[in-house]
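Here this note's numbering runs 38 ahead of the position in the sequence shown, where the first position is 1.
Certain hints may be false.
Okay, derived cross-link-like pairs now, PhoX-like style, lysine-lysine, Cα gap no bigger than 20 Å in a straight line [claimed, not checked]: (1) K85 - K142; (2) K111 - K89; (3) K85 - K111; (4) K85 - K165; (5) K188 - K249.
Derived Cβ-Cβ restraints for the label pairs, each shown as a range [claimed, not checked]: (6) A74 - L145: 49 to 59 Å; (7) D46 - W187: 38 to 48 Å; (8) L145 - A227: 22 to 32 Å; (9) S86 - Q232: 32 to 42 Å.
The hints are simulated quantities; they were obtained by calculation from the structure and are not laboratory data. Backbone N, C-alpha and C fix where the C-beta goes; we use that ideal spot for every residue, glycine too.
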Amino acid sequence: MHHHERFDGEGYPEGLKGDEIPLLSRIMAVADAFDAMTTNRIYKARKSMVKAIEELEHYSGTQFDPDVVHVAKEAFFGLKDMVHIAQAPEYNSLQEERFSYYFKDALTGVFSADYLNYFLQNNQETKMFQCCHFVQLNHMQSYNECYGWKVGDDTLREIAHRIKILFGTNNVFRVFGDDFIILHQSHFAINTRQIVERLTVGYDLIEVTLKHFDLSDKEMYNWNELEQDLVHYDASGEWR
């Protein structure tokens with residue numbers, strides 16, 4: 039009943055504070071938070087054990103009992119082999135579709151950036167995906183201003199459809215608004231010039247930049263890291 043109370047009295051249901059909260063509830067609050075942070079949820083990738091403990095320490099004295107956090111930290115660091123639980127679907131097409139529906143981008147029908155985070159986080163353990171392509175659409179704002187936002191939305195939908203066909207996969211994710219990430223389980227050879235031409239045929243003003251990332255050679259935990267990494271990306275397609 040009381041594991042949602044906070045040590046500083048800002049919790050619920052009764053706003054208990056400090057030692058007013060039953061000890062077992064104070065323990066459960068820490069255990070529940072640690073479990074939530076280190077479990078892959080369908081809406082959020084898990085944190086590492088170290089990051090989860092740092093989070094507990096950050097809220098020690100406010101959300102959590104400092105004494106419980108101290109003891110829990112020693113117990114968690116004593117864990118040698120953590121079994122990583124994931125709220126993931128059974129591996130069949132129907133379950134995969136039901137699971138991924140939550141993460142479908144409403145406009146284009148491809149997956150959202152949140153689902154990409156889930157894939158990238160899991161990939162650090164499973165190494166399922168080795169190849170990543172980044173399709174960047176340039177001048178979409180000018181395109182929308184020239185032809186209208188409705189035409190721009192239709193164009194994004196069509197380009198997303200072309201990407202799925204040209205790359206031969208449904209593992210396509212919309213990021214940064216007008217850009218797309220494609221994941222492959224093995225390295226996927228492409229004819230860059232041909233793909234760029236086929237993505238833009240019929241759409242003047244729009245230009246496409248296509249880049250490749252080797253996920254087996256570089257750790258990438260979430261799509262926001264791409265924005266930082268692109269600064270270091272050389273025009274030749276190699277990392278500086």
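Here's how the hints hold up against the structure:
no.: 1; hint: K85 - K142; in the structure: violated, 23 Å
no.: 2; hint: K111 - K89; in the structure: holds, 12 Å
no.: 3; hint: K85 - K111; in the structure: holds, 15 Å
no.: 4; hint: K85 - K165; in the structure: holds, 17 Å
no.: 5; hint: K188 - K249; in the structure: violated, 28 Å
no.: 6; hint: A74 - L145: 49 to 59 Å; in the structure: violated, 31 Å
no.: 7; hint: D46 - W187: 38 to 48 Å; in the structure: holds, 47 Å
no.: 8; hint: L145 - A227: 22 to 32 Å; in the structure: holds, 30 Å
no.: 9; hint: S86 - Q232: 32 to 42 Å; in the structure: holds, 41 Å
The structure fails to meet hints 1, 5, 6 from the earlier list, while all remaining hints are met.
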